[in-house]
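For the sequence shown, position 198 matches number 198 in UniProt numbering, and the numbering has no gaps at all.
Hints are computed from structural coordinates only; laboratory data are not their basis. Any given hint could be a false lead.
Unchecked claim - Cβ-Cβ distance ranges computed for the label pairs, FRET-style:
| no. | residue 1 | residue 2 | range |
| --- | --- | --- | --- |
| 1 | G142 | A40 | 47 to 57 Å |
| 2 | V193 | Q318 | 26 to 36 Å |
| 3 | Q163 | P352 | 21 to 31 Å |
| 4 | D120 | Q365 | 16 to 26 Å |
| 5 | V344 | Q318 | 27 to 37 Å |
Note that CB positions come from ideal geometry on N, CA and C, so glycine has one too.
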Amino acid sequence: MKILTNIIYGMLLSLICTASATAAWYQASASSRVINGNIAQARQAAIEEAVKQTLLFSGASITSSQQVTNGLLTQDMFMVRSSGVVNEIELLDETIHKGELSVTVRADIFADTRQCYASDYKKAITVLPLQIRHNEHAKIGGLYQLGMVLGEQIYQKMTSHSQNVEVRDFYQNPILDTQENKKDQVSSNQAPVILQQIARQTDSQLVISGELVDLSIGSTSNKLTQWLSNETAERFFEMRLYLHDALTGERLQQFDYFAQTMWEFDLKQRVDLTSRRFWYSAYGQIIQQSVAKAVAEIDGSLACVSAKARIIDVDAHQVRFNLGRNNNVQAGDIFTILHQASFVDKNGISRPHFIVSRHQIEVTQVYGQSAIAVSQNKELLANIQAGDVVRPFSVMD
Numbered sequence: 001m002k003i004l005t006n007i008i009y010g011m012l013l014s015l016i017c018t019a020s021a022t023a024a025w026y027q028a029s030a031s032s033r034v035i036n037g038n039i040a041q042a043r044q045a046a047i048e049e050a051v052k053q054t055l056l057f058s059g060a061s062i063t064s065s066q067q068v069t070n071g072l073l074t075q076d077m078f079m080v081r082s083s084g085v086v087n088e089i090e091l092l093d094e095t096i097h098k099g100e101l102s103v104t105v106r107a108d109i110f111a112d113t114r115q116c117y118a119s120d121y122k123k124a125i126t127v128l129p130l131q132i133r134h135n136e137h138a139k140i141g142g143l144y145q146l147g148m149v150l151g152e153q154i155y156q157k158m159t160s161h162s163q164n165v166e167v168r169d170f171y172q173n174p175i176l177d178t179q180e181n182k183k184d185q186v187s188s189n190q191a192p193v194i195l196q197q198i199a200r201q202t203d204s205q206l207v208i209s210g211e212l213v214d215l216s217i218g219s220t221s222n223k224l225t226q227w228l229s230n231e232t233a234e235r236f237f238e239m240r241l242y243l244h245d246a247l248t249g250e251r252l253q254q255f256d257y258f259a260q261t262m263w264e265f266d267l268k269q270r271v272d273l274t275s276r277r278f279w280y281s282a283y284g285q286i287i288q289q290s291v292a293k294a295v296a297e298i299d300g301s302l303a304c305v306s307a308k309a310r311i312i313d314v315d316a317h318q319v320r321f322n323l324g325r326n327n328n329v330q331a332g333d334i335f336t337i338l339h340q341a342s343f344v345d346k347n348g349i350s351r352p353h354f355i356v357s358r359h360q361i362e363v364t365q366v367y368g369q370s371a372i373a374v375s376q377n378k379e380l381l382a383n384i385q386a387g388d389v390v391r392p393f394s395v396m397d
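Construct all of the structure, not just a fragment, from the sequences and the given hints.
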């Protein structure tokens, strides 16, 4: 989906103002390409994007999709992440020009202005290529490289649109296989080790992996007829993404996306995944919509996750860690040093945990992706070593 968004910056009307929350009107415009004359689909995509932009600009982010009927948002309240709600939405304008449907919406957003302390620093994240669960699904159209292409799209969109993460790398070594029941699958015991290896190689706190669960063609009873007659068929798209804490190897969250539409291409021909024809097709559009939604939801889910970094070098009185200017670290910032450890629970499962040290460090030099910090009280940083972890100082430390 090609979306052009023009934020009409500004607060139009303030209705409520308290110490902790405010309500205001925000206005935004967005457009979406009309595919195969499907105006309703283009309208839905444009309105959802415009509403999302008003929420993001207000300091909130969407936690659930809007319901759209005939171009009108039918829900009168949407929950948003920062304890806010959308009280009212108005569709101000809709135009179609040269195959682009444009809308302008105005939303009354009541959003909590209290910020997450954790959101002050952008978390370092790496994206992996997606795996295809059933390779036979990719045969029609020759979509064998779609997982690699979508991994790179997620990487690019997070790089340009994310508010809460700094994307460090698109890590193309396919060493973390998310598929089930596959002979060469990485075992559950190996996965944490591999994630920690990726974290070290890419200087990342978080890793996104995923799989394309379903790329199949519908109506299996007449698939042969479709093949012989060049008829179009319905095709499914199901994508599952995983968010990992690469420092501990734990899986934090799973995100699932499902859509279906007509496959507009000859069932016997390979398609070019680099062509505009594919991405402007109905199937290409639902893929792009799913990717855009995933990027927004993953980014929003990390708003209040604390940033952590690995110590990569230690001297007697100072350390260097792998967060820097790109992550909003500044000279004078205070961090706490943590020792990474593990324990075995009553079921015999090894669990990661962190031991808070007595050391607080103050940043003195900042670089793009790293920073140097010294002990606040000038004492020796005893028992601190490369591989230990730092996090922003909290009054709880």
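Honestly, which of those hints from before does the structure not fit? 1
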